[in-house]
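There are 2 protein chains.
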Amino acid sequence: MADLRIINGTVLTMAPGYEPIADGVVCSREGLISYAGPADQASEPGDEQVIDASGCVVLPGLVNAHTHLAMTLFRGYADDMMLQEWLEDWIWPAEMRLRPEDVYWGSLLGACEMLRAGVTCFNDMYHIPEQAVAAALDSGIRACPSGVLLGFLPNAEQLLEEAIVFVRQLQQQNHSRIHPMLAPHALYTCPDEMLLKVGEGAVEAGVPIHIHLCETASEVQDSYDEHGESPIEHLNTLGLLDIPMLAAHCVHLSEADITLLAEKQVGIAHCPTSNMKLASGFAPVPELLEAGVVVGLGTDGCASNNNLDMLAEAHLAALLHKVHSGDPTTIPAHTALAMATRLSAQALGLGDIIGTLEAGKRADIILVDMSSPHLQPPRDPVSHLIYAAHGSDVKTTIVEGQIVMNDGEVLTVDEAEVIARATQCAARVTDIAG
Amino acid sequence: MADLRIINGTVLTMAPGYEPIADGVVCSREGLISYAGPADQASEPGDEQVIDASGCVVLPGLVNAHTHLAMTLFRGYADDMMLQEWLEDWIWPAEMRLRPEDVYWGSLLGACEMLRAGVTCFNDMYHIPEQAVAAALDSGIRACPSGVLLGFLPNAEQLLEEAIVFVRQLQQQNHSRIHPMLAPHALYTCPDEMLLKVGEGAVEAGVPIHIHLCETASEVQDSYDEHGESPIEHLNTLGLLDIPMLAAHCVHLSEADITLLAEKQVGIAHCPTSNMKLASGFAPVPELLEAGVVVGLGTDGCASNNNLDMLAEAHLAALLHKVHSGDPTTIPAHTALAMATRLSAQALGLGDIIGTLEAGKRADIILVDMSSPHLQPPRDPVSHLIYAAHGSDVKTTIVEGQIVMNDGEVLTVDEAEVIARATQCAARVTDIAG
Chain A
1 MADLRIINGT VLTMAPGYEP IADGVVCSRE GLISYAGPAD QASEPGDEQV IDASGCVVLP
61 GLVNAHTHLA MTLFRGYADD MMLQEWLEDW IWPAEMRLRP EDVYWGSLLG ACEMLRAGVT
121 CFNDMYHIPE QAVAAALDSG IRACPSGVLL GFLPNAEQLL EEAIVFVRQL QQQNHSRIHP
181 MLAPHALYTC PDEMLLKVGE GAVEAGVPIH IHLCETASEV QDSYDEHGES PIEHLNTLGL
241 LDIPMLAAHC VHLSEADITL LAEKQVGIAH CPTSNMKLAS GFAPVPELLE AGVVVGLGTD
301 GCASNNNLDM LAEAHLAALL HKVHSGDPTT IPAHTALAMA TRLSAQALGL GDIIGTLEAG
361 KRADIILVDM SSPHLQPPRD PVSHLIYAAH GSDVKTTIVE GQIVMNDGEV LTVDEAEVIA
421 RATQCAARVT DIAG
Chain B
1 MADLRIINGT VLTMAPGYEP IADGVVCSRE GLISYAGPAD QASEPGDEQV IDASGCVVLP
61 GLVNAHTHLA MTLFRGYADD MMLQEWLEDW IWPAEMRLRP EDVYWGSLLG ACEMLRAGVT
121 CFNDMYHIPE QAVAAALDSG IRACPSGVLL GFLPNAEQLL EEAIVFVRQL QQQNHSRIHP
181 MLAPHALYTC PDEMLLKVGE GAVEAGVPIH IHLCETASEV QDSYDEHGES PIEHLNTLGL
241 LDIPMLAAHC VHLSEADITL LAEKQVGIAH CPTSNMKLAS GFAPVPELLE AGVVVGLGTD
301 GCASNNNLDM LAEAHLAALL HKVHSGDPTT IPAHTALAMA TRLSAQALGL GDIIGTLEAG
361 KRADIILVDM SSPHLQPPRD PVSHLIYAAH GSDVKTTIVE GQIVMNDGEV LTVDEAEVIA
421 RATQCAARVT DIAG
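Protein sequence lines correspond, in order, to chains A and B. The opening position of the first sequence corresponds to residue 1 in the numbering used here, with each subsequent residue numbered one higher. The opening position of the second sequence corresponds to residue 1 in the numbering used here, with each subsequent residue numbered one higher.
Take these hints with a grain of salt, some might be off.
Unchecked claim - Derived CB-CB ranges, DEER-like:
1. His-227/A - Glu-226/B: 51 to 57 Å
2. Gly-292/A - His-175/B: 33 to 39 Å
3. Glu-44/A - Ala-420/B: 31 to 37 Å
4. Thr-329/B - Pro-45/A: 54 to 60 Å
5. Glu-255/B - Glu-162/A: 41 to 47 Å
6. Asp-23/A - Thr-329/B: 47 to 53 Å
7. Asp-52/A - Pro-93/B: 36 to 42 Å
Claimed, not checked - So, partial list: chain B residues that the calculated Cβ filter (under 8 Å) puts toward chain A:
8. Cys-112
9. Leu-320
10. Gly-326
11. Asp-327
12. Glu-409
13. Thr-412
Derived from the structure by calculation, the hints contain no laboratory data. The structure displayed is predicted, hence computed values, not measured ones. Backbone N, C-alpha and C define an ideal beta-carbon position, used for all residues, glycine too.
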């Protein structure tokens with residue numbers, strides 16, 4: 001892998017308090033950022049591969065803090081319906097048919113889509129997670145893999161044991177781009193006893209917990225009915241909030257919940273598209289940010305989105321809370337972009353290694369081409385990224401110093417094969433007669 | 001102009017009750033659609049230019065039912081602020097500096113952006129409207145131009161007379177792609193006497209009225225305070241609802257308003273991005289559609305969006321009303337796509353000539369490339385268009401049988417020159433010291 005020197009671009013380091021650097025340079029050496037700053041303070045060029053970022057903005061790779069990657073197979077399979085019908089009549093029956101190769105090709109299709117859209121890291125929760133790992137290793141993307149632990153499955157206990165073994169094995173293999181987690185699906189699908197065991201496993205392995213939390217109003221009501229406290233209070237009662245945690249959704253929260261999330265430094269993956277498409281509700285994101293909670297962004301799975309475009313997610317985060325609060329100053333563009341990068345990384349417990357362009361961090365870098373008519377005239381690049389750009393404006397995607405996508409082409413895998421194989425898998429899995 | 005024969009695509013005619021045609025053919029002859037249907041029922045090929053739409057969906061061009069096109073110059077100029085500050089401290093002072101060439105290049109930049117994103121027709125309301133006409137004629141896009149009539153301007157009466165002359169001249173010139181309107185800005189900026197004169201002018205010239213209506217809660221309250229009735233009731237009192245009308249926004253409506261809009265067949269341009277970004281509120285779109293009101297979609301101007309991507313607008317329309325109503329079956333994908341095509345055309349009074357692919361209508365046609373990873377695996381193309389596609393997936397744009405954009409390149413103008421000139425204009429207009 002060649003070292004890289006990215007020149008002539010406008011650099012957004014996304015570090016707290018950063019200002020855009022009009023003539024910036026970003027260098028990577030052995031997969032780490034060695035410099036990100038003004039051109040006139042950079043070291044002399046050596047024998048690095050030079051990338052000309054003229055007309056581009058250079059920023060950290062986008063971090064998708066919550067998805068179910070292989071659900072690309074279900075894109076467009078079941079839209080515009082009630083949550084229970086969607087799950088029980090469509091998604092779960094199809095997932096019963098999943099074979100390892102389905103998860104592999106579905107994950108790889110999602111990895112191609114994300115790399116094209118500048119997403120360099122994803123936090124996954126899905127069945128047969130070793131296949132998502134294989135897809136991540138093959139495509140060159142960074143991943144936080146985990147299986148789905150569901151208490152109602154007959155082999156729930158076995159799956160939990162396997163999940164802990166999975167984490168341990170990945171830790172031994174020590175892939176620099178793979179950061180495993182343990183993922184109990186949700187409070188309403190995992191009994192307390194199981195959650196406690198997950199907590200023990202997470203502490204022993206030193207990995208965070210990835211969980212769905214307070215996505216729907218009924219989930220919260222059920223917790224009050226069963227436990228006399230909110231789901232977040234109940235997790236605290238169980239001691240689980242003292243373990244690093246990424247909680248997806250967090251739509252229906254009390255003030256006490258928000259205080260607890262801030263105090264316990266729980267990371268949040270806000271998923272605005274999914275919350276809108278499934279009519280889950282409006283997450284109190286301005287209130288969470290005000291309380292000091294770290295709120296990142298996630299796409300959720302492709303059956304409830306239906307894409308993996310993190311710029312679209314940041315766009316929606318900026319728009320949704322304006323109209324919901326009635327205040328057009330809510331979640332300004334720079335906050336939305338921070339959520340898609342630095343805050344998502346922090347929420348995943350990876351804030352020390354990714355999420356900003358700072359020397360010593362992993363060289364996860366994207367170039368966004370700002371030359372198209374819809375991004376003209378040139379002005380604040382952060383405004384254009386959030387309010388006008390699409391994932392397809394990403395020109396180059398770099399993960400740990402490796403150029404994995406350039407000019408709309410993923411360089412690490414054969415995209416035509418990925419599409420063909422994923423299409424075959426999708427046809428079989430969703431063929432009701434199959 | 002060669003006649004066209006588009007083969008091998010999946011055709012969505014968007015006519016009421018249509019079904020996708022898997023192997024469809026669309027033919028244009030002398031700028032009109034001569035056939036749209038299954039390949040096996042099409043006439044034998046003649047000497048038409050053949051367009052291979054393999055891997056593409058073929059559908060009517062998208063219709064942007066409300067914009068202020070030259071405001072592309074203000075893209076990213078003033079975001080994330082309160083409406084009055086935005087207007088009074090930023091937009092209006094900049095607009096005071098506009099020269100004809102600014103409006104021309106700003107409109108042309110917007111036309112390039114729209115043609116790339118599959119928008120074949122736009123309904124404009126902006127100063128110096130002959131420049132938007134020039135930009136439309138030069139770029140090949142279809143336009144509904146109108147100036148902005150503001151009662152508080154010292155030369156308001158003169159501007160109204162000029163607007164009527166403008167309409168009459170365009171009617172004499174009889175450009176087949178130019179459909180002028182008369183545009184009083186809004187009820188709160190135009191006194192009754194002026195509105196009545198606009199109405200007379202519209203009736204005499206036989207053109208529709210284009211107006212902002214019920215965009216903010218305070219506008220509605222002011223109408224009750226001043227007139228003792230809602231803005232819509234007041235327009236009815238003035239007799240203006242008996243004239244064909246395109247009303248933009250319609251966010252704050254009573255049940256009586258909705259009944260009146262349906263009874264009087266007022267066309268609506270719903271602008272979800274603008275309503276979200278400016279925190280205007282949630283338009284009662286499901287209720288309007290239920291009442292039989294024709295609701296199209298508009299991007300609004302680039303200072304409150306900040307793009308002109310009608311697929312994004314349709315996407316947001318599908319998502320926003322789900323979360324607002326709490327019902328995920330609200331505004332399904334096929335309704336959102338109808339809003340961006342057939343219903344927008346109807347709302348503009350152009351339902352007889354554009355908005356669907358039917359023999360005899362103008363050949364305004366787009367091809368959307370569905371081969372990218374984010375639009376795979378292949379399934380319901382309408383779902384993919386609404387929930388996963390971007391404007392940049394549009395491969396070819398045809399207006400009245402002329403190919404005006406192909407493979408991301410506008411063929412009618414020099415895009416590099418347009419961007420350079422628009423950037424110069426924007427710099428001068430928004431330079432506070434200038």
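Hint check:
A hinted range of 51 to 57 Å for the beta carbons of His-227/A and Glu-226/B is consistent with their spacing of about 55 Å. Remark: the range hint 33 to 39 Å for Gly-292/A to His-175/B is contradicted by a beta-carbon distance near 59 Å. The supplied range of 31 to 37 Å is met by Glu-44/A and Ala-420/B, whose beta-carbon atoms lie about 34 Å from each other. Between Thr-329/B and Pro-45/A the Cβ separation comes to about 58 Å, which falls inside the hinted range of 54 to 60 Å.
Separated by about 57 Å at the C-beta atoms, Glu-255/B and Glu-162/A break the suggested range of 41 to 47 Å. For the pair Asp-23/A and Thr-329/B, the supplied restraint of 47 to 53 Å holds, since their beta-carbon distance comes to about 51 Å. Roughly 38 Å separates the CB atoms of Asp-52/A and Pro-93/B, a value that falls within the hinted 36 to 42 Å. Below 8 Å, beta-carbon pairs count as interface contacts, and Cys-112/B has one with chain A at about 4 Å; its hint therefore holds.
The criterion of a C-beta within 8 Å of any C-beta in chain A is met by Leu-320/B, whose closest approach is roughly 7 Å, and the hint holds. For Gly-326/B, the interface hint holds, the least distance from its beta-carbon to any beta-carbon of chain A being 5 Å, beneath 8 Å. Against a cut-off of 8 Å between C-beta atoms, the interface hint on Asp-327/B holds, since the closest Cβ of chain A lies about 6 Å away. A distance limit of 8 Å between C-beta atoms decides the matter here; for Glu-409/B the minimum to chain A is near 11 Å, and the interface restraint is violated.
Interface hint at Thr-412/B: violated, since its Cβ lies 13 Å from the closest Cβ of chain A, which is beyond the 8 Å cut-off.
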